[in-house]
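Peer 1: Listed below, chain by chain, are the residues.
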Amino acid sequence: MDVFLQTLVAGILKGGLYALIGIGMTLIMGVMGIINLAHGQLMMLAMYVTYILNTMGVDPYFSLFVAMPLLFLLGVAIQKFLLNPLIKADTILPENQVLMTVGIGMVLTEVVRFIFSSDYKYITTTYSNQTFFLGNISFSMALVIAFWIAIAFTVAMFFFLVKTDLGRSIRATAQDKDAATLMGVNTGRITVITFGLGSGLVAAAGCLLAPVYYIFPDLGGPFTAKAFIITILGGLGSTVGAIFGGVTLGLAESMGATYFGMEYEDIIGLTIFVLVLLFLPGGFKRLTKI
Amino acid sequence: MAYFQVDSLVKYFGGLAAVNGVSFEVGQGEIFGLIGPNGSGKTTTFNMISGYHRPTSGRVLFQGREIHQLPTHKICHLGIGRTFQVVKPLGRMTVLDNVIAAAYSRTSSHHKAKEEALKVIDFCGLMPVKDVLAKALPIAGRKRLEITRAMATRPELLLLDETAAGLNPSELVEAIDLIRKIRANGTTIVIIEHIMHVIMTISDRIHAINFGQTIAEGTPSEVAANQAVIEAYLGTDYA
Amino acid sequence: MKKSLTPLVFVALLAGLPLIMKDNYYLHLMILFLMWVVIGSAWNLIAGYTGQVSFGDAAFFGCGAYTAGLLATHLGVSTWWGLALGGFTAIAVGLPFGWICFRMRGAYFALATLALNEVLRHGATIAEDFTGGMVGILIMPSFMSKIPYYYIALALAVASLASLQWVVRSKPGYYFVSIREDQDAAESLGVNTHLYKMLSLAYAAFWTGMAGALYMNYMGFIDPNVVFSLHDISIMAILVGIVGGVGTVYGPAVGAFVMVAVQELFRSGFFGLFKWLGAVSGSASLVKVAEVLTQAHVLGFGLLVVVVILVLPNGIVGDWPKIRKRVFRLGAGA
Chain A
1 MDVFLQTLVA GILKGGLYAL IGIGMTLIMG VMGIINLAHG QLMMLAMYVT YILNTMGVDP
61 YFSLFVAMPL LFLLGVAIQK FLLNPLIKAD TILPENQVLM TVGIGMVLTE VVRFIFSSDY
121 KYITTTYSNQ TFFLGNISFS MALVIAFWIA IAFTVAMFFF LVKTDLGRSI RATAQDKDAA
181 TLMGVNTGRI TVITFGLGSG LVAAAGCLLA PVYYIFPDLG GPFTAKAFII TILGGLGSTV
241 GAIFGGVTLG LAESMGATYF GMEYEDIIGL TIFVLVLLFL PGGFKRLTKI
Chain B
1 MAYFQVDSLV KYFGGLAAVN GVSFEVGQGE IFGLIGPNGS GKTTTFNMIS GYHRPTSGRV
61 LFQGREIHQL PTHKICHLGI GRTFQVVKPL GRMTVLDNVI AAAYSRTSSH HKAKEEALKV
121 IDFCGLMPVK DVLAKALPIA GRKRLEITRA MATRPELLLL DETAAGLNPS ELVEAIDLIR
181 KIRANGTTIV IIEHIMHVIM TISDRIHAIN FGQTIAEGTP SEVAANQAVI EAYLGTDYA
Chain C
1 MKKSLTPLVF VALLAGLPLI MKDNYYLHLM ILFLMWVVIG SAWNLIAGYT GQVSFGDAAF
61 FGCGAYTAGL LATHLGVSTW WGLALGGFTA IAVGLPFGWI CFRMRGAYFA LATLALNEVL
121 RHGATIAEDF TGGMVGILIM PSFMSKIPYY YIALALAVAS LASLQWVVRS KPGYYFVSIR
181 EDQDAAESLG VNTHLYKMLS LAYAAFWTGM AGALYMNYMG FIDPNVVFSL HDISIMAILV
241 GIVGGVGTVY GPAVGAFVMV AVQELFRSGF FGLFKWLGAV SGSASLVKVA EVLTQAHVLG
301 FGLLVVVVIL VLPNGIVGDW PKIRKRVFRL GAGA
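Top to bottom, those sequences are chains A, B and C. Position one of the first sequence corresponds to residue 1 (the working numbering), numbered consecutively onward. Position one of the second sequence corresponds to residue 1 (the working numbering), numbered consecutively onward. Position one of the third sequence corresponds to residue 1 (the working numbering), numbered consecutively onward.
A hint or two may mislead.
Stated by the list, open to error - Reference listing, derived: stretches of chain C covered by chain B, where coverage requires no fewer than 3 residues with Cβ under 8 Å from a Cβ of chain B:
#	segment
1	88-96
2	159-171
3	183-189
As the list claims (entries may be wrong) - PhoX-like, lysine-lysine: derived pairs with alpha carbons at most 20 Å apart:
#	chain 1	residue 1	chain 2	residue 2
4	B	LYS130	B	LYS114
5	B	LYS119	B	LYS130
6	C	LYS325	B	LYS130
7	B	LYS112	C	LYS171
8	C	LYS325	B	LYS114
9	B	LYS119	B	LYS181
10	A	LYS177	A	LYS80
11	C	LYS171	B	LYS119
12	B	LYS74	C	LYS171
13	B	LYS112	B	LYS135
No lab work stands behind these hints: they were computed from the structure. Yeah, the Cβ is synthetic: ideal placement off N, Cα and C, and Gly gets one too.
Generate coordinates for the entire structure from the input sequences, incorporating the hints supplied.
Peer 2: Listed below in structure tokens is the structure:
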């Protein structure tokens with residue numbers, strides 16, 4: 001029973017972090033229909049930023065204030081200069097945009113590899129290995145903090161989207177770009193800002209993950225995959241969905257690792273992904289015609 | 001047994017009934033008009049007839065055979081063709097290729113398909129533009145291409161969805177002529193139209209719907225005089 | 001039925017190549033090029049012609065490769081049987097693959113193919129008893145010389161292009177393109193779009209599987225990360241198609257040549273040009289540039305992807321008029 005509870009706890013805590021990774025992507029996909037295959041790589045960048053700052057003595061949680069704006073600006077630049085031009089190009093295949101993000105992801109990974117080499121890097125802080133106990137169940141301090149910060153961000157995003165003008169403009173653009181333009185929304189600016197926001201959020205996830213994970217250039221790929229699973233599970237553009245998706249994935253991975261074996265972690269996620277794509281009807285039917 | 005029959009069709013989208021009990025019969029060789037204000041359920045009815053939507057309830061029968069559960073391509077093979085309200089040209093193919101693709105529904109030989117395609121293109125008057133890319137055609141050409149393509153599938157029943165919208169007066173006259181020619185050639189036609197002039201002129205009988213339900217049926221003059229129809233269209237002139 | 005003689009001339013030239021080019025290094029590159037012609041053309045049918053952009057063609061490549069390899073390790077027969085059977089196992093995998101993925105359209109379809117690609121990759125890694133897992137499969141190559149492999153690759157490439165040419169002009173060809181242009185319209189014209197999408201996938205799977213089997217025979221070693229690789233196989237196939245020009249018969253062939261050349265260019269530091277220049281001129285910085293280029297070849301590749309998509313969205317063959325105009329203008333203005 002304890003094993004089960006421990007697995008449950010580990011899964012939920014991980015899930016909070018995953019939710020944060022997913023929110024960025026669900027926003028980007030929901031608003032612009034852009035499939036960002038460089039999402040994990042953006043997070044990886046944030047983790048390296050955290051690493052650099054850490055070598056200068058800055059606490060990872062403080063790096064949030066640096067990495068997030070930095071990645072926000074990068075996201076804005078990517079959308080403005082590399083992705084927006086593609087929308088206007090007349091090509092046979094509309095999936096050029098997806099491919100572009102693949103290229104961007106490759107460039108980001110290789111640039112980082114070039115500067116830092118492929119060695120695993122670590123950040124150790126006072127709380128990296130700290131745990132506390134509730135009964136027989138251990139809670140990783142870093143993950144608990146990350147969980148609550150992630151929830152805070154998610155809630156903040158929710159209110160941002162619902163209560164603020166900018167948030168409403170974003171949702172309007174997501175629902176119908178042309179209608180939004182006709183109502184005075186500068187959709188060009190909105191898409192750029194949204195990509196920036198998505199990047200900033202995944203950067204936050206990176207900073208929160210850094211104390212408890214190892215950092216290396218190639219971690220982008222697996223995390224991009226996770227982001228997709230979460231996004232599809234929770235529903236595009238839905239912040240609450242991202243929480244749901246994140247926790248579900250966290251739990252599934254946890255259960256899989258405990259009861260099947262470590263090597264099944266990735267394939268569980270992928271299988272869920274395929275199952276969800278297959279069997280989650282209703283809301284996704286509408287989206288499958290993008 | 002009616003040649004073509006729509007029986008108590010109902011279609012719900014979520015909680016909204018787009019079509020709520022529409023029934024009519026069409027005799028062979030008729031030009032049967034379907035009118036109603038925007039959003040009254042006309043195109044949804046067509047979509048159910050041609051298999052793009054499954055009816056929530058009700059049936060569609062063609063020559064006595066139930067077709068509302070069949071996939072769209074099978075319905076085409078049975079002899080029902082359609083055009084789309086928002087035209088769907090196969091943009092990066094030429095007019096000729098568009099029609100050849102349609103003609104392939106009746107043969108597997110390239111030679112025969114091309115022959116048939118050219119015949120239909122000639123019949124519908126698109127010969128001058130047969131080698132033009134479909135996406136380069138103006139709206140009148142695209143609408144005509146819709147009809148030409150559908151004709152190449154040798155339909156016995158042709159569903160025309162607002163083929164006259166967006167045409168100028170002389171183009172309208174040509175469109176009306178073509179539709180008459182198609183009927184004379186032996187094809188039964190069900191036509192949705194907003195432009196009163198067109199539909200009143202060419203239809204043998206008209207069925208009027210509003211809010212997904214029948215409000216009148218009869219000859220053009222009968223329907224035009226019908227109180228419910230006039231109310232539904234309050235303020236609409238003849239085109 | 002006018003057929004241009006240019007392709008035939010090329011085939012003749014390629015057939016005679018090993019007689020004049022004895023260097024194994026270049027023969028190797030040519031074999032890679034021919035293999036990518038097959039893979040790129042296959043992807044081109046499902047993506048360029050039918051409009052279903054698959055991000056998971058490595059699944060088929062890997063199937064073909066593993067068919068060949070597993071025949072050897074489990075049944076003790078020659079891996080060449082894989083060439084005959086690889087295409088069919090790939091189709092067998094492709095059918096459920098398609099059934100799952102074709103329920104979605106556009107970018108979701110792309111994502112689903114990517115996911116399935118990864119599922120196969122992880123599956124091959126986990127199923128150690130069956131596939132050898134991360135250790136992979138190692139066999140003794142049948143021929144010492146590269147030349148027989150070259151001709152087999154050439155035959156495969158010619159066959160795949162000829163079959164593509166034939167398909168494109170036939171009824172399925174028309175149906176594929178109509179699905180790409182407007183799936184709903186195609187249905188209304190009597191096209192069983194589901195069936196034809198599956199057919200195009202089966203075609204792509206077949207040829208890509210054959211290429212995979214050839215790879216097993218030629219390289220002698222495979223493992224899940226090599227043959228089921230998202231970046232090295234699936235994405236490369238897309239690049240070959242896009243750079244050359246999708247929706248054209250010879251586009252991917254051009255793309256294959258360019259991509260293999262560019263990849264090698266970066267990997268070898270412009271074929272050792274910079275290193276040579278550095279040695280000749282004594283300039284240490286030029287040698288450094290050569291080193292940097294070699295290390296950063298994947299980076300260069302990534303940058304290439306970004307640039308090509310921005311500048312030549314329709315590929316070399318597709319955007320040929322645009323390229324010609326630019327080159328003309330440069331020439332005229334100079």
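Peer 1: Can the segment 88-96 of chain C be counted as covered by chain B under the rule of three residues or more with Cβ-Cβ separation shorter than 8 Å?
Peer 2: Violated, because only 0 residues of the segment 88-96 of chain C bring their Cβ atoms closer than 8 Å to Cβ atoms of chain B.
Peer 1: Check whether the Cα positions of C:LYS171 and B:LYS119 lie no farther apart than 20 Å.
Peer 2: holds, 19 Å
Peer 1: Can you confirm whether chain B covers the segment 183-189 of chain C, using C-beta to C-beta distances below 8 Å and requiring at least three such residues?
Peer 2: Satisfied; 6 residues make the cut.
Peer 1: Run the distance test for C:LYS325 versus B:LYS114: straight-line Cα separation, threshold 20 Å.
Peer 2: Measuring from Cα to Cα gives roughly 35 Å; hence the hint is violated.
Peer 1: Regarding the pair C:LYS325 and B:LYS130, is the alpha-carbon distance no greater than 20 Å?
Peer 2: Answer violated: C:LYS325 to B:LYS130 is near 28 Å, above 20 Å.
Peer 1: What's the verdict on B:LYS130 and B:LYS114, does the C-alpha distance respect the 20 Å limit or exceed it?
Peer 2: holds, 12 Å
Peer 1: Would you check chain B against the segment 159-171 of chain C, counting CB to CB pairs closer than 8 Å, and say if three or more residues qualify?
Peer 2: holds (count 3)
Peer 1: Given the hint that B:LYS112 pairs with B:LYS135, test it: the Cα-Cα distance must not exceed 20 Å.
Peer 2: Measuring from Cα to Cα gives roughly 25 Å; hence the hint is violated.
Peer 1: Is it true that the CA of B:LYS112 sits at most 20 Å from the CA of C:LYS171?
Peer 2: holds, 11 Å
Peer 1: What's the verdict on B:LYS119 and B:LYS181, does the C-alpha distance respect the 20 Å limit or exceed it?
Peer 2: holds, 14 Å
Peer 1: Under the criterion that the straight-line Cα-Cα distance not exceed 20 Å, is the pair A:LYS177, A:LYS80 satisfied?
Peer 2: holds, 17 Å
Peer 1: Hinted pair, alpha-carbon criterion (20 Å max): B:LYS74, C:LYS171. Please report holds or violated.
Peer 2: holds, 17 Å
When held up to the earlier numbered hints, the structure conflicts with 1, 6, 8 and 13 and fits the remainder.
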